[in-house]
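Asker: Add chains V and E to chain H, keeping to what the hints say.
Chains as they are written, first to last, in this note's numbering: chain H, 1264 to 1537; chain V, 161 to 500; chain E, 21 to 321.
In case anyone wonders, no lab produced these hints; they're calculated from the structure. Hints may be right or wrong, so weigh each one.
No more than 16 Å apart at the CA atoms, straight line, and that leaves these computed lysine to aspartate or glutamate pairs for EDC-like [said to hold, decoys possible]:
hint, chain 1, residue 1, chain 2, residue 2
1, V, Lys357, V, Glu167
2, H, Lys1520, V, Glu466
3, E, Lys210, V, Asp192
4, H, Lys1271, V, Asp239
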Amino acid sequence: MENIYLPKLAEIKEIIQETADTKTIRLTIDGGSIDFLPGQFGEFSFIGEGESTFGFSSSPLRKEYFEFSFRSSGRATTGINSLNQGDKIAFRGPYGNYFDTSKMKGKDLVFVGGGIGMAPVKSIMEYCLDERDDYGKITILYGARSVGDLLYKGIFDEWKKYKNTEVIITVDPGGETPDWTGKVGFVPTVLEQLPLKGENSVAIVCGPPIMIKFALKSLEEKMGFDKSNIITTLENRMKCGLGKCGRCNVGSVYVCKDGPVFTAKELESLPNDF
Amino acid sequence: MEEKYFEISAENLKKFVDSIIADNFEVIAPTDKDGGTFYGKISRFEEANLDILLPKMSYKEYLLPKTETLLEYSFSGVDTEIKDGLEAVAGANEKRVIFGGRPCDAGAGPIMEKVFNWDYKDEFFNERFKNLTIVSIACEKPDNYCFCTEMQLSPESSYGSDILLKKAEGKYFAVVTSEKGLNLIEPYINLFKETAKAQVPADKDWKKLFEIERTKSFLDKNFEHNYFQDRFLSCIGCGVCTYTCPTCHCFDIQDEGNLKEGRRIRNWDSCQFGVFTLHTSGHNPRVTQGDRYRQRLMHKFKIYSEKFDKYLCVGCGRCSRNCPEDIDIKEVAKDLADMA
Amino acid sequence: MANTKTDEKLQKIAKDLLESGEVSLVIGYAKGSNLQRMRPVFITKAEDAGKLSFNPHAVQDLAVFLKKPEVKKFGKIGIVVKGCDEKAVNALIQEYQISRDNIKIIGMECNGVIRQSLADKGETNLSESAVYDKCLICEEHIPVLYDFLIESEEPKLVLSGNVKPYSGIEKLESMSAEEKNAFWAKEFDKCIKCYACRQACPLCYCSRCIVEKNMPQWIDTNSEETGNAQWNLIRAYHLSGRCIGCGECERACPVNIPLMLINEKMAKDVYNMFGYKSGLDINAKPVFGVFSESDFNDFIK
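This is chain H alone, in the form it adopts within the complex:
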């Protein structure tokens, strides 16, 4: 008999303080990463303080570690936040479906991330960058409320090094600092100004619901993306991650099992319950 709720213990290899209240934690099990696919998620905990659901933020092709990014807000995340390098995190996963790269191969890719919603985007994006030759032009648009709220600041330059890859970083109006050299503007607004065409392209969009709503509208209506070529994730509240506890129902979908990755076309057929 296997206990599906039993976590494994993962060791914290590295902690990156991304912003004042967010961190990226790199973990290893048996000295390396685990098998997962971009878009999947896990249940992470400082055991005794409860589990939290996070998507993976690293590329599964980088085998030295697997990572997730989180904001410290509740009891469980405060628990994780208190841990140090070398400490253990209880982990269950990977769960859920994933970004299907077979439908992205050979196409131009647009990655759009807002705030901490950049985490799952980073996973699929780095996965594609790791196999750069399989894809056409890659455009990365990432925005946050302010310069201080941007995650992954240390690796923007790394992304830019790849051929035929454009990286655009933006902050909401008012969120810029005097030395800010990136864009200023909301993600959907900046997105609209980019010379993108829906033809032979796939867009991956993750972020706050309001950003997703407007970004999807721009991509569909202004740039002519087909709904089945716009991919996003649902961030419903989850507990088990295994399709049992009933919390993440949207229509007849269990987000934890049938999602969290959905195309805009699939979302259209779901009731407005997320």
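Answerer: For chains V and E alone, coordinates are given in the frame of chain H:
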């Protein structure tokens, strides 16, 4: 297993129950206690109340306890020890018999089994379910809150029972549907007399008040409908409907303990609670009680059937009888069917 | 079922209130799922006022809906209340949860309501043994505050004195601490944490209940010994000096925990120590919201 049929006198039924109790079976039956009738352990046949239609609570807790330990942990210096909670569940219910429940309650087990096994196998549920022996009694007089017939069962359905007893002419007929049932009566087989199916009284022609497929068809087309917001203004958002329901199975996972030791548990949870779907960001997909009661209807009459080919409702009517504000789910399901 | 005179009066008042625009919603009772049950009804159109009815099966305390955001949206509200329920309206006004100006109180003279557990078995007669304990000690057969009053057609309840209301309290008071603990441990063991006690209570209106807060985790989440005891005791403490004795928590409890024994004991102690009864005067300050030099304060050593 092919069904087997037996006759047993009322007197021998009493002997049977007293015998299994004497042989260390834990017999859970409807019994009068706490100012009502609840399922509870009986120490002799007379303590069972077989006249009551349904105890106030279902016996769900024997399949899905209100609190279950998933794992225990301890920290010793730098190392974390995790003890698998399944160890304590192994063999649970092996000598436990639910006696005198009704066909609706019996139907709940195999329905819930589906969600607990559709991909990942929940062995906590499975271990309890596999070992529990269920001896039900067919209903002669369902009340106005009952709608098992509409829910594809019937007051005489043997679905989910290891043994179904049907009362007739002062004696009982026992329909044995499983090896588990057969094993239970084997040692006391002299109290039973095997008979042919033809001798067992045929099921009555139970009439339906509405077609549940029509309820579903309304739900298919009407996520946004004033009915939900208007009708459930009277819902106070307690968990009585979900917690007394034999099929509602939603749960929460929580850790309890201190820096040295503790446990991870799962507790019953309810879609009727405002915090059930509340995001950390403050966003809540289900803002009103109308949204939440709609989810209960959707899960029971649409979502589950699309996913698992079974409605997540056995028509026991407990949610209606127990609702402090008199929300009657049968009436609601019929309203929806009528509007479809 | 034909309208009684009471029903007609009630319907007329509601109709007038809605037609004149004095309120946009009337919360009252309508016939329920069986002849011995009534249920809350929400009337927004004058032509629907005919649904309103009242009889000794009107057990619910409708003041519970005044805390509900979906109901608050209606602004000016008319509400049908028995004397006990009306005290909840007063307490809500005292605690600044609602404004007297936004509420039209349709007071029902009430001689008692029949226990639902008995009504479900067919009981229809108002008698000493059929009504709730709260009805036997009721001092507000006519609500203390109302805009409209409808007198009862029911005969007054005759009290022989043979039924002793809340007799469990005296028994509990005579017990040792260990015995009391054992008594409540057994009762709380039944709790399933469905929070019907909280949700049915007109005065449990916190937008985020302490049981839903986890930083720190005030109440263990388990539904076993510790979690159940912590929940039930904290619920009771949060209502001491506030509970108006409508008994809805106990009626709603699906596992029959005698919650009114705690609530009434608290109310009794608060009265003995501070001379205060909850919900009688909208201008009074809540007893635990003010300090007076004459307050019982022997506990300060």
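Asker: Each of the hints needs a verdict: does it hold here or not?
Answerer: So, going through the hints one by one against the coordinates:
{"no.": "1", "hint": "V/Lys357 to V/Glu167", "result": "holds, 11 Å"}
{"no.": "2", "hint": "H/Lys1520 to V/Glu466", "result": "holds, 15 Å"}
{"no.": "3", "hint": "E/Lys210 to V/Asp192", "result": "holds, 14 Å"}
{"no.": "4", "hint": "H/Lys1271 to V/Asp239", "result": "holds, 13 Å"}
This entry satisfies every hint, going by the numbered hints stated previously.
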